[in-house]
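Q: Given next are the chains, with one letter for each unit.
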Amino acid sequence: MQKMQKQAKYRIGVKDKLILIIFLTALILVSVGCSLGYFWGYNLLREKIAGERIRAVKLLAGSMADRIEKERREINLCFANQIHKSAAIKSNLIYEKMEDHAVKQYLLDMDKKWTEASDSDPLAREYLMNEASLALKKILREEEDIIEIFITDKFGGLVASSRRTRNFYQGNELWWQKAFAAARDGVFVGDIKFDETSKAWGVPLALPIRDSEDNVIGVGRTIINTENLFEPLKRPESEESGHVALINEKGYVLFHPEKEPLSVKYVNDKDLIDMWGSESGWLIADCPYIHKEKMFTVFATADIPSLSERGKAWRIIIEQDVKEAFAPLSTLGFPLLKIMGVLVIISILLGFIFGRRFAKSINKLTEALQHFREGNLDYKIEIKTRDEIEDLAASFNEMAGDIKQRIGIEQEVYLQAKLASDKEREKSEKLAATYMELKKKTEEIEKLKADLEKGVGERTRDLTRAQEATLNILDDLEETKEAIALDKLKMEYMVKSMTEGLIMVDEYGSIVLINPQAKRMLGFEPAGGVTTGALDDKMKAIGLNEALKESQDKRRLVNKEVTINQKEKLVLSCCITPVESSRGEIIGVVIILIDVTRERKIDEMKTEFVSTVSHELRTPLSIAKEGISLILDGIVGPANERQAKILNTARDNIDRLTRIINTLLDISKLEAGKVEIRRDLVNMGDLMKQVTSSFELKVKDKGLGLKIDFPEKELYIYVDADKISQVFTNLLGNALKFTEKGYIEISAKELEDEVECAVADTGVGISEDDLPHVFNKFQQFGRTAGAGEKGTGLGLSIAKGLVELHKGKIWVESELGKETKISFTLPKYTFRMVLKEDIDARIEEAKRTYSEVSLIVVHILEFDRLRQELPREKIISVLDEIEGVLKNGLRRGGDAVVKNTGEAFLILVECGKEGALRVKERLEQALESYFVSQNLAETIKWCFGYATYPDDGKSSEELLDKIK
Amino acid sequence: MKKILFIEDEPEQIMVMKVRLEASGYAFISAMDGEEGIEKARGEKPDLILLDLILPKMNGYEVAKRLRGDPNTCDIPIIVVTASGAEKLEEKCRAVGADVCIRKPYDAAEVLQKIRERIGE
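Quick note, the sequences are listed as chains A and B, same order.
Residue 858 in this note's numbering is what sits at position 861 of the first sequence, and the numbering runs on without skipping anything.
One gets this note's numbering by counting positions in the second sequence from 1 and adding 282 to each.
Treat the hints as calculated values from the structure; they're not laboratory data.
Misleading hints may appear alongside valid ones.
Stated by the list, open to error - Below are the DSS-like pairs computed for lysine-lysine, each with C-alpha atoms no more than 30 Å apart in a straight line:
1) A:Lys666 with B:Lys347
2) A:Lys666 with B:Lys374
3) B:Lys300 with A:Lys642
4) A:Lys516 with A:Lys485
5) B:Lys374 with A:Lys603
6) B:Lys374 with A:Lys671
7) A:Lys720 with B:Lys396
8) A:Lys666 with A:Lys598
9) A:Lys720 with A:Lys746
10) A:Lys804 with A:Lys686
11) B:Lys374 with A:Lys844
12) A:Lys695 with B:Lys396
13) B:Lys347 with A:Lys917
The shape of chain A in the complex, shown without the other chains (with noise of 0.2 Å):
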């Protein structure tokens, strides 16, 4: 309850989730297409107000233009006045007889006298009252906007001037050669200069005077009052409000109706720039100089051919307050609030009537289970939204239908179950069932039939049958019981007094029985318990747990000797069998234990007396056979040829004897175990051509064929040489006592993974009666063996034990008086099979004595690319020379050098990690001095590795991850 309450404090309605989350949908649906609404019109609003002005500007321009042109018809045709000419051409005329250089003097000279004479000087009075000026006086006077007028001659000499210049001479101003050199129609428009003498802002305007056959005679100039000028600018056709102005091409105001010309910058460079880009346009300027704000303006480019072609340029600007210019801009954003508000109520209102709805459907259903919940099944939810609540409220209907048909069945299936549970219990348990626990569990069904009954109400009925069947299926479990404990009584007892241990777990590992000689076998209290937890460190402790995998894991029977240090040590033969369900699961392990402590003693004795017995009895044969020899080497006298005859048969039966007792010997270690076989990767083909050569000639003598059947294909196997070498002699030697005529082959062919080996002969044969004997010890029948060494009757028994030593299996096929094939296989192994054996093998040992193994390995780095770069020879004697080496550092019998292609592993039993190290480096130190002396110190590099059982591993895998 607490828990709800909780949660309810935090509660929020499906119907308020609803309407927030439409809310919340439309608003920023409505926000963002506003806006985007908003800064697409204002744009467009923008652009056009924009373009209005640029189009207004662009007349103004024009206009300017015009203006420009206006005046410079109007002067030209002021200078076509005859009396102009004339004065220009009879100036002109001073110069015809003058060098280039003379006139140039001449105006110099005439520029310095008027500019020393006074007005009343002679000179003044004579350019300045002349008929032509006093022309241009007159103009000067008609024409308000002109405030200055004056003509040169072709040489830019003073002919006549409304007014007294500056200067006489005039040919070197800018303004002269250009209206000089000016086309047709040409104008030259100056700069805007203050007129002092006339107090006023002027535009001078110059342009070429011409005779009636279009020479240039002179240059007419005149300056014009920039008032009327720039008239135009001063009435905007535009309605607008706002400034015109007039800029140049730096900035400085040329016309401003609250500036003087050129007193200030009307824009800043940076805008300036943006204005160069284009004829036309328009941009919010900054007017620092001018005004506060930010300014709207437009501007276009006065036409102006005199003025462009000199890089200036005269820019006509409406300016206006950014504000004022878009005020209608300000309208747009209201009405666009005004849809928003309405959208977004809008919004709220179908949020809550659709949260409304949905909320309903929603209480509808909690209603409706608050009623299932107090048993009313009947209930039925009304819910039409054509929806999954709609199909959900059917499902709860459906439900609800399903349950209380259910409820009924349910009560007697949870009955019938709980007793088959139980059933099963009690089938586990140990044999405590008694009737008393029966009862009481009777007791308790009627119990929990009342609740029931109680609880269910009207189904009382069918609950009182389904107890009744109940009750009969408990009288048939009581009975069946019995009959069960009784058995598991009988398999107890049995259990209990078996001499040999027992132990079940199951599939866990979990201790399910476990007999008192299992216990006392492995150290536990015979009469206590044992954990299962103490069970699996013990079977840990003694090297079985591996078993038990195996077992389990390939579902098969494993057998395995372990020894237990006790009081006394213990030898045990464990025998684990997995136990399978009907069903084909592994459900456990059954794990039978025999102490074989007493055969191993006896079988160790029995090794051993073989030992002793066989030393002993040869030393006394040894000074036997010595004393012979003496007599027949003739170092105590010479003996006569009966004599030596004699002696020669006894030093042959002695040699018999110790042979008899060598391989009596050989057999008994075999038979003990104690026979180690050390796998080398052995040329096959070179083996048996070895043990054959030693035959050859006995073979030859007796007149037989001898024949080697053996792959062309070099065939290399990982065996113990010296092992097979006697196989083979073995069966050879049989084979050569037994056969009189015909040949005899030795062959040898390689299968998938193993190779088979075959000795024939066409001797004598074996009787189909003796051959299952044919490998016993002492078996010689029937066939009597010729002339030669007398048999053992140990060959083949021993050959069979070498065979099997090397996993392999030996047969015999024969046919009596015809022909005999002994066969025998030997597994393929690979370098890592062997080494891993071998490894085991020591680790096997070590468990036993509790001691450590040490594991080397030398690896020569890059060995493929020193196979290329040093000759064969060499390669094989560097190996050899590093096998030598590590041959040295073995210590112990049990030591063994393992090696394969560029690398070479050293095992070492009863060696721990300070060992290794020590061995390591001196191994390092050897084979690095001899790999100086060699010169390869360079060429050859190699790598040490080491690793200890058991610090770095429990087995030779894990040893071998450990070193790589």
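Once you have looked at the hints, place chain B on chain A.
A: Chain B only, in chain A's frame:
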């Protein structure tokens, strides 16, 4: 004349060996147990030692080890002559510093050859 020391506990074995070696032109001395063997080896400086492995007081392996550890005797070649049938006898012998191992009953020719290989006639 090259001197050979035979360390062996069987008098008969010593006897036949003595006849054989003296006949082959070697000076022969013998010791009956390990300790005596070491003593003789130090005192008499033999050119070669024939060594049995199963000896009273000190076994052959120990004798070989001591002889090899003593600068006075470490260079004397040792040939083991034994009736032992132990596994990996050759390895064990090499491990304690013996040069070669001959098993009883031996072939006199083999023994002589091995001696010759080491010290000559």
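Q: Compare the structure with each hint and give your call.
A: We went through each hint and held it up to the structure:
1. A:Lys666 with B:Lys347: 27 Å, holds
2. A:Lys666 with B:Lys374: Cα-Cα ~18 Å, so holds.
3. B:Lys300 with A:Lys642: 25 Å, holds
4. A:Lys516 with A:Lys485: With a Cα-Cα distance of about 20 Å, the restraint between lysine 516 of chain A and lysine 485 of chain A holds, given a limit of 30 Å.
5. B:Lys374 with A:Lys603: Given that 30 Å is the threshold and the Cα spacing comes to 23 Å, the pair holds.
6. B:Lys374 with A:Lys671: Roughly 16 Å between the alpha carbons, so the hint for lysine 374 of chain B and lysine 671 of chain A holds.
7. A:Lys720 with B:Lys396: Cα-Cα ~25 Å, so holds.
8. A:Lys666 with A:Lys598: 14 Å, holds
9. A:Lys720 with A:Lys746: Between lysine 720 of chain A and lysine 746 of chain A the Cα gap is close to 19 Å, so the pair holds against 30 Å.
10. A:Lys804 with A:Lys686: 23 Å, holds
11. B:Lys374 with A:Lys844: OK: lysine 374 of chain B and lysine 844 of chain A at ~23 Å, within 30 Å.
12. A:Lys695 with B:Lys396: 27 Å, holds
13. B:Lys347 with A:Lys917: With a Cα-Cα distance of about 23 Å, the restraint between lysine 347 of chain B and lysine 917 of chain A holds, given a limit of 30 Å.
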